[in-house]
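> If you want the building blocks of each chain, they are given just below.
Number of protein chains: 2
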Amino acid sequence: MKILLIGAGGVGGAFAAIAARRDFFEAIVIADYDPVRAEKAAVADDRFTAAQVDASSQASVEALCREHGITHVMNAVDPVFNMPVFEGALAAGADYVDMAMSLSRPHPDAPYARAGVKLGDEQFAQAGQWEQAGRLALVGMGVEPGLSDVFARYAADHLFSDIDELGTRDGANLVVTDDDGNEIFAPSFSMWTTIEECLNPPVIYEKARAEVDGGWFTTPPFSEPEVFDFPEGIGPVECVNVEHEEVLLMPRWIDCKRATFKYGLGDEFINILKVLHTLGLDRTDKVRVKGVEVSPRDVVAAVLPDPATVGPRMKGKTCAGLWVTGTGKDGEPRSTYLYHVVDNEWTMQEYGHQCVVWQTAINPVVALELLARGTWSGSGVLGPEAFDAVPFLDLLTEYGSPWGFQEVAS
Amino acid sequence: MKILLIGAGGVGGAFAAIAARRDFFEAIVIADYDPVRAEKAAVADDRFTAAQVDASSQASVEALCREHGITHVMNAVDPVFNMPVFEGALAAGADYVDMAMSLSRPHPDAPYARAGVKLGDEQFAQAGQWEQAGRLALVGMGVEPGLSDVFARYAADHLFSDIDELGTRDGANLVVTDDDGNEIFAPSFSMWTTIEECLNPPVIYEKARAEVDGGWFTTPPFSEPEVFDFPEGIGPVECVNVEHEEVLLMPRWIDCKRATFKYGLGDEFINILKVLHTLGLDRTDKVRVKGVEVSPRDVVAAVLPDPATVGPRMKGKTCAGLWVTGTGKDGEPRSTYLYHVVDNEWTMQEYGHQCVVWQTAINPVVALELLARGTWSGSGVLGPEAFDAVPFLDLLTEYGSPWGFQEVAS
Chain A
1 MKILLIGAGG
11 VGGAFAAIAA
21 RRDFFEAIVI
31 ADYDPVRAEK
41 AAVADDRFTA
51 AQVDASSQAS
61 VEALCREHGI
71 THVMNAVDPV
81 FNMPVFEGAL
91 AAGADYVDMA
101 MSLSRPHPDA
111 PYARAGVKLG
121 DEQFAQAGQW
131 EQAGRLALVG
141 MGVEPGLSDV
151 FARYAADHLF
161 SDIDELGTRD
171 GANLVVTDDD
181 GNEIFAPSFS
191 MWTTIEECLN
201 PPVIYEKARA
211 EVDGGWFTTP
221 PFSEPEVFDF
231 PEGIGPVECV
241 NVEHEEVLLM
251 PRWIDCKRAT
261 FKYGLGDEFI
271 NILKVLHTLG
281 LDRTDKVRVK
291 GVEVSPRDVV
301 AAVLPDPATV
311 GPRMKGKTCA
321 GLWVTGTGKD
331 GEPRSTYLYH
341 VVDNEWTMQE
351 YGHQCVVWQT
361 AINPVVALEL
371 LARGTWSGSG
381 VLGPEAFDAV
391 PFLDLLTEYG
401 SPWGFQEVAS
Chain B
1 MKILLIGAGG
11 VGGAFAAIAA
21 RRDFFEAIVI
31 ADYDPVRAEK
41 AAVADDRFTA
51 AQVDASSQAS
61 VEALCREHGI
71 THVMNAVDPV
81 FNMPVFEGAL
91 AAGADYVDMA
101 MSLSRPHPDA
111 PYARAGVKLG
121 DEQFAQAGQW
131 EQAGRLALVG
141 MGVEPGLSDV
151 FARYAADHLF
161 SDIDELGTRD
171 GANLVVTDDD
181 GNEIFAPSFS
191 MWTTIEECLN
201 PPVIYEKARA
211 EVDGGWFTTP
221 PFSEPEVFDF
231 PEGIGPVECV
241 NVEHEEVLLM
251 PRWIDCKRAT
261 FKYGLGDEFI
271 NILKVLHTLG
281 LDRTDKVRVK
291 GVEVSPRDVV
301 AAVLPDPATV
311 GPRMKGKTCA
321 GLWVTGTGKD
331 GEPRSTYLYH
341 VVDNEWTMQE
351 YGHQCVVWQT
361 AINPVVALEL
371 LARGTWSGSG
381 VLGPEAFDAV
391 PFLDLLTEYG
401 SPWGFQEVAS
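Protein sequences, first through last, are from chains A and B.
When the first sequence is numbered by full-length UniProt numbering, its final residue is 410 and no position is left out of the sequence of numbers.
When the second sequence is numbered by full-length UniProt numbering, its final residue is 410 and no position is left out of the sequence of numbers.
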């Protein structure tokens with residue numbers, strides 16, 4: 001297996017650090033638009049080399065694949081570049097893995113009621129070409145989407161006979177402090193992407209509505225607030241509906257009445273996002289400011305600490321998981337939360353990467369190892385729930401990062 | 001009287017429109033850094049001419065004064081340029097009027113407890129030179145500071161025998177709508193200046209503390225929230241302490257136990273300012289954003305509608321006033337609100353300028369007319385409360401914009 005890792009940012013850097021400890025691949029070419037960043041990530045292992053790439057250009061991706069005899073493209077750039085990377089991989093005859101899917105566009109007439117172009121629609125539209133070529137695009141293979149989808153498959157195969165709701169729930173108790181020890185506002189994930197996913201109309205799936213738009217519909221941002229009690233000491237966090245890939249992926253492979261994604265943003269973060277939207281600071285088009293042109297959302301991201309650098313000043317745990325309700329294998333009502341908790345102190349000490357990007361990055365490494373072994377195989381455009389969950393969860397535990405599940409009051 | 005108006009922005013433009021209807025001056029030279037803007041404002045009257053000026057250069061201001069035989073410099077630019085304009089006027093032997101005073105700097109050790117360099121300190125430090133030259137600098141002569149200070153003098157001379165608190169209270173019920181009639185967030189005054197005054201430590205005066213820093217002290221931003229019921233249908237608005245010139249000016253001429261300024265920002269605006277501060281978007285130093293350098297605060301101002309252009313889409317009234325408590329002339333406890341309310345519909349129809357800038361601009365026109373008549377005269381650096389309030393209030397009423405007062409529950 002020869003991997004082309006595109007993107008040496010927070011998640012890409014953590015991917016390289018995790019992969020360096022495994023022997024399932026021959027080589028990884030680490031490519032970034034910024035060659036210095038690529039070289040920095042490539043020093044970790046003899047099997048790593050650095051390259052420059054323009055992720056917005058299918059031709060640039062394809063050429064790099066051919067030059068290095070790449071078998072698998074690992075996409076770790078912003079999903080705005082998904083299509084050229086995805087198409088470049090297929091053109092070069094490589095398999096493909098990503099952690100977020102092609103972007104959505106709101107419904108032109110009813111943005112907060114009907115789904116428009118959905119997350120992943122552009123990628124699924126090309127599924128036939130991938131099948132014909134006998135190539136695999138494993139999409140949404142981070143932690144959420146990714147591990148959450150693996151949990152859905154596990155729940156369907158081993159815990160439930162009938163599923164009411166597949167409810168991804170993400171929460172954390174992370175706190176970042178400044179040099180004086182004062183708590184500061186510092187998102188642990190890309191602010192640009194957080195704004196994108198939180199202000200887009202959240203999407204929900206309901207089987208009973210399948211005749212309209214396939215069962216997918218949208219709501220206004222921050223809908224259906226709910227306090228979810230996260231495990232391992234994180235505790236209760238306010239969660240709201242957010243647009244996320246799980247809602248689009250899970251119902252394609254797993255029979256369920258409803259699929260949702262709720263993000264434990266907390267009151268403060270929700271308020272900040274609402275204010276940014278009120279002022280228009282979430283805008284991505286450029287505005288003229290005293291002789292220069294900038295995108296307001298880029299400015300918001302630029303004034304905040306870089307998520308890749310906050311690790312040493314961060315404390316706490318992050319939890320990704322799936323709350324499944326329905327009927328258990330014993331025919332009794334069941335309500336179970338399958339989860340994966342990571343402590344920032346542990347990831348910083350073990351890998352030198354903060355827990356949120358580390359938790360995202362470990363899952364595609366595990367998936368690629370299963371593909372290298374042939375434990376997982378397939379062709380077309382497939383989500384993580386299209387594969388057997390057990391070997392994935394076992395290998396995740398073998399990597400030193402176990403998962404768990406517990407019954408919850410529904 | 002030959003006036004040099006420096007600054008042809010929102011307030012400068014309204015000043016020119018109001019002055020055009022009066023005959024107390026021979027000429028006004030309207031100068032701006034942007035000569036097009038100056039020329040646009042100068043078309044309103046035959047006595048107006050346009051010029052280019054660099055308000056950050058004392059020499060540029062002085063030269064322009066000499067070239068046109070200026071007797072009075074009217075400063076209508078951002079207070080960051082106060083000192084070069086103020087010093088340029090004196091160097092040229094002209095009198096001077098402004099509407100905001102030289103800027104403050106927080107106390108280095110206790111920014112939210114002790115006053116550092118206060119608003120106007122730099123100007124008052126040069127009072128001796130103005131006195132020696134026999135020239136007058138009338139500072140803080142807009143609406144607030146300005147008319148509020150005239151109210152303080154009126155209250156002391158005609159309504160009260162003893163004053164507990166001089167509490168400026170500013171509130172409005174202005175609403176701006178977009179082309180579809182939906183309410184939008186659009187400040188009616190410079191967002192840059194609003195952030196500056198609202199996030200600076202608010203200053204309060206208490207006579208009992210006169211031995212420390214002259215009685216002036218500071219608090220954290222947004223302190224002492226209070227709902228004040230504004231007259232003429234505006235109604236209750238949440239007000240908080242804000243740094244403002246009145247608190248520095250009034251106690252210099254009027255005996256009072258306490259002086260405060262509270263701004264009716266309302267919950268939504270306070271929340272927005274807090275979020276901007278949390279994120280660091282109030283910063284004025286430049287940050288690097290994808291290859292260009294911008295000041296985040298400039299970006300915030302740039303994404304919002306220009307206050308000078310919102311007039312036609314704005315509805316409602318703005319109120320400036322002074323809440324005075326103490327003992328009345330009859331020896332009984334008294335609590336009176338002296339106020340000036342302006343309706344945006346009226347200013348747009350009569351003058352083509354929105355009410356907030358118009359209300360700021362009318363007061364220096366009235367003051368200059370009193371100086372031209374010799375009704376007001378003096379030398380040194382003086383606030384509006386150093387002069388007799390009655391002729392000012394009478395002339396304001398003659399201009400068609402009456403004031404009022406009412407007793408309020410204290």
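To be clear, the hints were calculated from the coordinates, so they are not data collected in a lab.
Wrong hints could be hidden among the right ones.
[Unchecked claim] With a straight-line cut-off of 20 Å between C-alpha atoms, the simulated SDA-like cross-links for lysine to any residue are:
hint : chain 1 : residue 1 : chain 2 : residue 2
1    : A       : Lys274    : B       : Lys274
2    : A       : Lys290    : B       : Arg283
3    : B       : Lys274    : A       : Glu268
4    : B       : Lys315    : B       : Asp229
5    : B       : Lys317    : B       : Gly181
6    : A       : Lys290    : B       : Val80
7    : A       : Lys290    : B       : Gly181
8    : B       : Lys274    : A       : Arg297
9    : B       : Lys290    : A       : Asp34
10   : B       : Lys317    : B       : Asp255
11   : B       : Lys290    : A       : Val292
12   : A       : Lys317    : A       : Lys257
13   : A       : Lys274    : B       : Ala301
14   : B       : Lys290    : A       : Lys317
15   : A       : Lys290    : B       : Asp78
16   : A       : Lys315    : A       : Lys257
17   : A       : Lys274    : B       : Glu183
18   : A       : Lys286    : B       : Lys317
19   : B       : Lys274    : A       : Asp178
20   : A       : Lys257    : A       : Asp164
> If a hint holds in the structure, say so; if it does not, say that too.
Going through the hints against the structure:
no., hint, result
1, A:Lys274 with B:Lys274, "holds (13 Å)"
2, A:Lys290 with B:Arg283, "holds (15 Å)"
3, B:Lys274 with A:Glu268, "holds (11 Å)"
4, B:Lys315 with B:Asp229, "holds (19 Å)"
5, B:Lys317 with B:Gly181, "holds (18 Å)"
6, A:Lys290 with B:Val80, "holds (17 Å)"
7, A:Lys290 with B:Gly181, "violated (30 Å)"
8, B:Lys274 with A:Arg297, "holds (18 Å)"
9, B:Lys290 with A:Asp34, "holds (12 Å)"
10, B:Lys317 with B:Asp255, "violated (32 Å)"
11, B:Lys290 with A:Val292, "holds (11 Å)"
12, A:Lys317 with A:Lys257, "violated (31 Å)"
13, A:Lys274 with B:Ala301, "holds (18 Å)"
14, B:Lys290 with A:Lys317, "violated (32 Å)"
15, A:Lys290 with B:Asp78, "holds (16 Å)"
16, A:Lys315 with A:Lys257, "violated (38 Å)"
17, A:Lys274 with B:Glu183, "holds (15 Å)"
18, A:Lys286 with B:Lys317, "violated (34 Å)"
19, B:Lys274 with A:Asp178, "holds (18 Å)"
20, A:Lys257 with A:Asp164, "holds (5 Å)"
Violated hints, listed in ascending order, are 7, 10, 12, 14, 16 and 18; each of the other numbered hints is respected by the structure.
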